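A.B. asks: Take these sequences, add in the hints, and give me the full structure.
Residue numbers (UniProt numbering): 1 to 828.
Everything labelled a hint here was simulated from the structure, so no lab data went into it.
Just so you know, these numbers come straight off a predicted model, no measurement behind them.
Just to be clear, a hint being listed does not mean it is correct.
Label pairs and their in silico Cβ distance ranges [as the list claims (entries may be wrong)]: (1) 233 / 552: 43 to 51 Å; (2) 583 / 645: 24 to 32 Å; (3) 65 / 585: 27 to 35 Å; (4) 754 / 646: 42 to 50 Å; (5) 84 / 641: 22 to 30 Å.
Listed next, the in silico DMTMM-like pairs over lysine to aspartate or glutamate satisfying Cα-Cα at most 20 Å (straight line) [as the list claims (entries may be wrong)]: (6) 805 / 675; (7) 177 / 37; (8) 644 / 200; (9) 621 / 603; (10) 462 / 481; (11) 805 / 646.
Note that the Cβ used here is the ideal one computed from N, Cα and C, for glycine as well.
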Amino acid sequence: MLASARLLSLGIGSIYYSGYAPPMKILLVEDDPSTRELLVFHLTAARYTVEQAADGIIAQELAALWSYDLILLDINVPRLDGLSLCRHLREQEVSTPILMLTAQAGDADVITGLDAGADDYVTKPFEVSQVLARIRALLRRGARAATIPSLVWGHLCLNPTLAQVTYSGQAVPLTPKEYSLLELFLHHPQRVFSRSAILDHLWTIDDSPTEGAVTNLVKDLRNRLKRSGVVESVIQTVYGLGYRLRDLPPSLVLGTANNGFHEPSGGAQAETQEPVLVTAPKGKTLEAIAARFQASIQQRLAVVEAAVRSLQAGNLPPQQRTVAQDEAHRLAGGLGTFGYDEGSTYARQIEQLLGDRPLQTTEVDQLSRHLLDLKQTLALTPKPLSAEIGQACHLGVILSVELELINQLQDDAVSHGWHLDRATDLGELLQTLAQGRAEAVVLTLDQSAPLAGKLAPLREVKQRFPQLPVLVLTCRDSLEERVQVARLQGDRYLVAPATPSQIFDTLSHLLPETQAPEARVMVVDNDPVTRGAITELLTPWGLQVTELGDSSQFWEMLRQVQPDLLLLALEMPTFSGIDLCQVVRQDSRFGNLPILMVAAHPDTVTVRQVFEMGADDLIGKPIVGPELVTRVLSRIERSRLRQKIEQMRRRQALYWTQQETTDPLTQVANGLHFDAFLQQQWERHCQDQAPLSLILCSPDSLRTYYQIYGQQAGDAALRRIARTLHCTINPNIDLVARCGDDEFAIVLPNTNLDGALRVVARMQQAVTDLKIPQPASDEGDYITLSLGIGGTTPTGSLSIDLLLKTADQALKDAKGRGGNTFCLYPMC
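C.D. replies: Quick look at the structure:
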């Protein structure tokens with residue numbers, strides 16, 4: 001048994017590292033191919049794995065099937081827009097950080113996106129470096145970012161910050177996949193990776209090859225290292241299981257300098273070397289991406305130009321207008337990103353003029369001028385795209401009056417993987433930190449001020465941002481000052497003179513180090529030798545193992561650990577493995593947890609008893625390492641697959657339920673749902689003797705709007721009105737339903753007539769604020785709302801039909817008075 005455990009164990013001290021940012025997976029939702037391709041290029045260069053979706057429905061399905069570290073979401077994608085997708089994900093309790101891309105820079109648009117559940121936003125056109133910085137900030141905020149100093153194996157050194165691999169100081173050129181594979185092994189020195197696990201880490205679902213590609217990749221990496229002068233064998237094949245990082249030869253272990261730690265930026269050579277991970281995939285160079293975008297510009301311009309001509313002729317169909325507006329939106333977002341800043345401004349103005357509302361003659365002329373200006377701008381040479389955008393870079397802020405120090409640090413920041421902003425005073429520093437993007441702060445102490453005054457910035461920063469690392473720089477070494485900095489929770493105290501390398505290395509080590517395990521296993525056995533052997537076998541596979549020797553503490557530990565799999569010894573004092581198995585199966589929360597029983601001498605009776613009590617598998621002693629690993633991993637994989645299938649079924653059932661009860665055009669409740677909801681509330685309010693109100697409303701002149709502007713424009717106006725009505729109620733209690741072509745019903749539980757009047761006032765104002773043009777009307781410029789209100793405290797002598805008739809008559813009377821008003825009829 002112990003020999004089997006040693007078979008899969010690795011030597012201690014074969015690699016040294018103090019932090020790492022594991023490869024992260026991003027879902028990119030963007031319908032513009034050029035923008036999507038540019039983002040994929042730079043995200044891949046920054047060593048993210050990127051899944052792509054061109055519309056909201058595909059993104060919704062991907063988010064339901066897979067876990068992502070971040071979602072990069074364009075607000076204006078087809079089929080299901082970004083705001084709706086964002087709301088859907090948050091309703092499904094998906095906590096993945098969402099970074100919204102939007103060409104609408106107004107405060108109201110930004111607030112809408114954040115209220116929908118987005119964590120941050122970037123306005124188009126954007127600098128890709130800004131997008132990458134926001135991504136890093138969100139990942140750090142989600143406790144997934146980490147420090148990334150160099151990983152060292154003997155004379156082989158991998159610097160994740162510069163994406164650079166060296167051997168004895170000489171550069172080792174690798175392809176991106178080779179680099180990612182080496183990085184994976186170096187980061188997990190005590191793990192054996194199966195071919196399928198390597199596929200999951202290095203490839204996306206769209207281009208996931210067979211396991212043979214892993215074999216070829218390992219072979220290519222070995223050959224590349226050998227050609228670069230690496231004499232040691234770095235990767236070891238564990239037959240029947242997969243691959244792992246080989247133990248260091250004894251000569252290298254003894255000869256490793258500096259206890260195995262490597263400073264990525266120490267020395268002039270490290271500062272001047274260029275990253276060697278520069279091999280881009282075929283056809284994915286920046287020039288190729290820019291060329292494909294250039295080719296698409298004329299096609300999009302042609303669509304917009306045709307719409308402008310139709311508009312000038314007075315015959316622009318709604319569908320053509322919508323298509324032209326979409327193309328203008330894509331131009332507005334893409335032009336600035338690809339170097340046409342002024343062109344992006346003209347495209348955005350064109351997009352706004354191509355909105356739903358009818359245009360005056362002067363506005364049509366203005367639209368033509370913007371189009372001409374746009375074409376002239378596109379005839380100029382764009383700004384060149386930066387090829388360094390994809391390089392990893394942390395964000396820091398320094399508060400100092402020493403300009404020479406600031407200039408020196410800002411000049412050297414990029415070579416150390418940092419970007420350093422300067423704050424001129426404490427107010428500007430706090431304002432910058434409030435944006436949530438800085439990863440660390442550098443404070444220099446003003447030696448001319450008293451101790452309390454010089455430490456005031458540190459006190460203020462730590463009170464408002466306690467989790468943010470702060471490095472204090474001072475020109476004098478004072479014990480009293482050190483004590484005060486420690487009391488104020490300062491993270492590092494550095495005395496000048498300090499080199500930029502020392503400062504940035506200190507900042508890098510201050511960044512959080514977290515890495516989530518792939519799965520948690522709880523081992524319950526009173527034999528410490530068996531527990532230790534199982535832990536030694538499972539840990540190299542990325543499993544977090546928790547040991548428990550006293551079965552009487554099982555339930556408390558189970559709730560604390562919340563494992564993905566249980567390994568229970570059959571025979572234990574106090575409670576046996578069968579006892580614990582039965583307890584788990586009786587619990588609604590842990591009832592489906594995979595359970596593997598470990599028995600010393602399993603006979604036929606024992607086997608039958610174990611499976612009858614609910615165990616999933618039985619493993620005999622002595623434990624065979626490969627057999628245990630295979631069974632544990634397969635059970636965890638089956639359990640997770642079953643959970644995903646159950647989640648899909650629940651979501652599918654919820655979707656079809658919503659389809660049955662939701663109006664397909666307006667996405668509010670339909671008449672069927674309204675009838676059932678009103679009946680339910682009537683019965684409940686009869687029992688509780690609580691007030692119930694009903695509002696029926698209809699937009700004024702909407703049918704005329706349909707006749708003049710067409711079906712598509714009319715449907716769009718109706719959707720806007722429905723969404724607006726929904727926003728004026730409490731959706732967790734009240735209900736908005738479409739009960740006719742242009743009629744809505746609002747049910748207000750536990751609301752008397754005074755409360756209903758307040759809701760009516762909000763609805764009237766909100767619909768008026770939409771400023772939907774009201775055609776051929778002397779009542780006003782915009783569409784308004786007529787409403788009928790009925791309400792009562794339900795009793796046995798009253799009925800739902802009477803409530804409906806009362807509200808309907810009130811609506812008819814409001815319409816008869818010319819609209820834009822309400823009538824309220826109480827029920828006796």
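A.B. asks: Now tell me if each hint is right for this structure.
C.D. replies: Hints versus structure:
1. One distance hint, 43 to 51 Å for the beta-carbon pair residue 233 and residue 552, holds here, with the actual separation near 49 Å.
2. Here the CB-CB span from residue 583 to residue 645 is close to 26 Å, well matched to the stated 24 to 32 Å.
3. In this structure the supplied range 27 to 35 Å holds for residue 65 paired with residue 585, their Cβ-Cβ distance being about 28 Å.
4. Taking 42 to 50 Å as the suggested C-beta distance range, the pair residue 754 and residue 646 conforms, at roughly 46 Å.
5. For the hinted restraint 22 to 30 Å between residue 84 and residue 641, the CB-CB distance of approximately 29 Å keeps it satisfied.
6. Taking the CA atoms of residue 805 and residue 675, the gap is about 14 Å. The hint holds against a cut of 20 Å.
7. The suggested pairing of residue 177 with residue 37 holds, with an alpha-carbon distance near 19 Å, which does not exceed 20 Å.
8. Distance check on the hinted pair: residue 644 and residue 200 sit about 16 Å apart at the alpha-carbon level, within 20 Å; holds.
9. In summary, the hint linking residue 621 to residue 603 is supported, as the alpha carbons are separated by about 12 Å, within the 20 Å threshold.
10. For the hint pairing residue 462 with residue 481, the CA-to-CA distance comes to about 16 Å; that is within 20 Å, so the pair holds.
11. Between residue 805 and residue 646, the direct Cα distance comes to roughly 45 Å. Violation of the 20 Å bound is thereby established for this hinted pair.
Checked against the numbered hints given earlier, this structure breaks only hint 11.
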